[in-house]
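One letter stands for each residue in the lines below.
Number of protein chains: 2
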Amino acid sequence: MNVEAILRTKGGNVFTIRPEHSVAEMATLVSNKRIGAVVVCDDKGRILGMVSERDIVRAIAVYGKGALEMPIRNIMTSPVVTCSPTETVKKILEVMTERRIRHLPVVEKDHLVGIVSIGDAVSHRLEERQAELDVLRDIAVARK
Amino acid sequence: MNVEAILRTKGGNVFTIRPEHSVAEMATLVSNKRIGAVVVCDDKGRILGMVSERDIVRAIAVYGKGALEMPIRNIMTSPVVTCSPTETVKKILEVMTERRIRHLPVVEKDHLVGIVSIGDAVSHRLEERQAELDVLRDIAVARK
Chain A
0 MNVEAILRTK GGNVFTIRPE HSVAEMATLV SNKRIGAVVV CDDKGRILGM
50 VSERDIVRAI AVYGKGALEM PIRNIMTSPV VTCSPTETVK KILEVMTERR
100 IRHLPVVEKD HLVGIVSIGD AVSHRLEERQ AELDVLRDIA VARK
Chain B
0 MNVEAILRTK GGNVFTIRPE HSVAEMATLV SNKRIGAVVV CDDKGRILGM
50 VSERDIVRAI AVYGKGALEM PIRNIMTSPV VTCSPTETVK KILEVMTERR
100 IRHLPVVEKD HLVGIVSIGD AVSHRLEERQ AELDVLRDIA VARK
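Protein chains in written order, with numbering that gives the first Met the number 0: chain A, 0 to 143; chain B, 0 to 143.
Wrong hints could be hidden among the right ones.
Identical chains share a label here; the pair holds if one copy fits it or two copies do between them.
What the hints assert, rightly or not - With a cut-off of at most 30 angstroms between alpha-carbon atoms, the simulated DSS-like pairs for lysine-lysine come out as follows:
no.	residue 1	residue 2
1	LYS64	LYS9
2	LYS108	LYS64
3	LYS89	LYS64
4	LYS89	LYS32
5	LYS108	LYS90
6	LYS9	LYS89
7	LYS64	LYS90
8	LYS90	LYS9
9	LYS64	LYS32
10	LYS90	LYS32
11	LYS108	LYS9
The set of hints was computed from the structure by calculation and includes no laboratory data.
Everything numeric in this text was worked out from a predicted model, so none of it was measured.
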């Protein structure tokens with residue numbers, strides 16, 4: 000199973016934000032949309048960085064109230080680790096586990112075509128494993 | 000595999016906080032400890048609630064700067080869904096997926112003995128599945 004299969008299920012909707020928006024504005028966006036991270040893009044749609052709930056909390060811990068007015072350019076993670084639609088779910092789970100990241104933007108021919116969370120990847124991987132298990136169990140039972 | 004097996008690997012360390020501490024103090028705690036959620040306890044160690052990074056972000060979206068001085072009592076989730084050390088990893092993954100929660104405090108005889116994240120549960124479950132797969136694959140191959 001590859002990343003494309005996840006996007007077929009969840010759709011290719013990605014919320015993006017400009018680097019000059021404030022941390023407070025980003026907090027409102029992620030709360031309203033019930034998402035954990037946003038891709039930061041310039042006005043030509045090029046990916047500049049990623050910001051997550053964790054980045055907001057860390058900024059507050061460091062800068063206090065002042066964090067809320069800071070542009071998200073100052074707190075975003077950059078450069079961004081991305082993946083392509085053809086990569087396997089197994090591979091991206093390894094990347095997310097190793098790098099300790101929860102969200103991976105999906106890029107095809109320089110265009111942002113979706114975003115995959117560790118939750119999406121895990122649920123697809125568990126389904127895939129279940130399917131493999133079922134096949135092998137059938138074989139094992141049939142040959143008893 | 001059960002919850003106890005996860006705690007044996009990661010240890011039973013749980014960070015707790017009192018309900019009268021501020022959101023800003025909690026932001027500092029979770030940032031310093033690199034954790035995503037904290038259990039809120041009274042002075043007798045009884046569990047009153049849970050607070051996560053997401054709760055902080057939501058409070059900022061609703062209350063702005065004022066959120067940082069609020070006591071976490073006002074933003075915590077309560078009552079708390081918990082699990083016991085004897086529950087299976089499969090079961091708690093179902094609970095976390097259904098209820099859309101990322102952290103589950105582990106309680107034994109009214110005492111908090113650990114905390115399990117969806118990441119912990121998933122990595123154990125994948126290992127467990129791999130072991131099942133290996134056994135079944137051996138059987139299938141042996142019977143070819």
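Results of checking the hints against the structure:
Taking the shortest alpha-carbon separations for LYS64 and LYS9, neither the intra-copy value of 36 angstroms nor the inter-copy value of 34 angstroms comes in at or below 30 angstroms. Proximity of LYS108 to LYS64 under the C-alpha cut-off of 30 angstroms is found in neither arrangement, the shortest distances being 40 angstroms within a copy and 41 angstroms between copies. Taking the closest pair of Cα atoms, LYS89 and LYS64 never come within 30 angstroms of each other, the shortest separation being 40 angstroms inside a single copy and 41 angstroms across copies. In this assembly of identical chains, LYS89 and LYS32 lie within 30 angstroms of each other by CA distance both inside one copy and across copies; the values are 27 angstroms within and 29 angstroms between.
For the identical chains of this complex, LYS108 and LYS90 are intra-copy neighbours only, at 20 angstroms inside a copy versus 41 angstroms across copies, given an alpha-carbon limit of 30 angstroms. Proximity of LYS9 to LYS89 under the C-alpha cut-off of 30 angstroms is found in both arrangements, the shortest distances being 18 angstroms within a copy and 23 angstroms between copies. For the identical chains of this complex, LYS64 and LYS90 are neighbours neither inside a copy (39 angstroms) nor across copies (40 angstroms), given an alpha-carbon limit of 30 angstroms. With identical chains, the CA atoms of LYS90 and LYS9 are at most 30 angstroms apart both within one copy (19 angstroms) and between copies (24 angstroms).
Taking CA atoms no more than 30 angstroms apart as the test, LYS64 paired with LYS32 passes in both settings, with 23 angstroms inside one copy and 20 angstroms between copies. For the homomeric pair LYS90 and LYS32, the shortest alpha-carbon distances inside one copy (28 angstroms) and between copies (28 angstroms) are both at most 30 angstroms. Only within a single protomer do LYS108 and LYS9 lie at most 30 angstroms apart by alpha-carbon distance; the minimum there is 21 angstroms, versus 41 angstroms between protomers.
Of the hints listed earlier, those the structure fails to meet are numbers 1, 2, 3, 7, in rising order.
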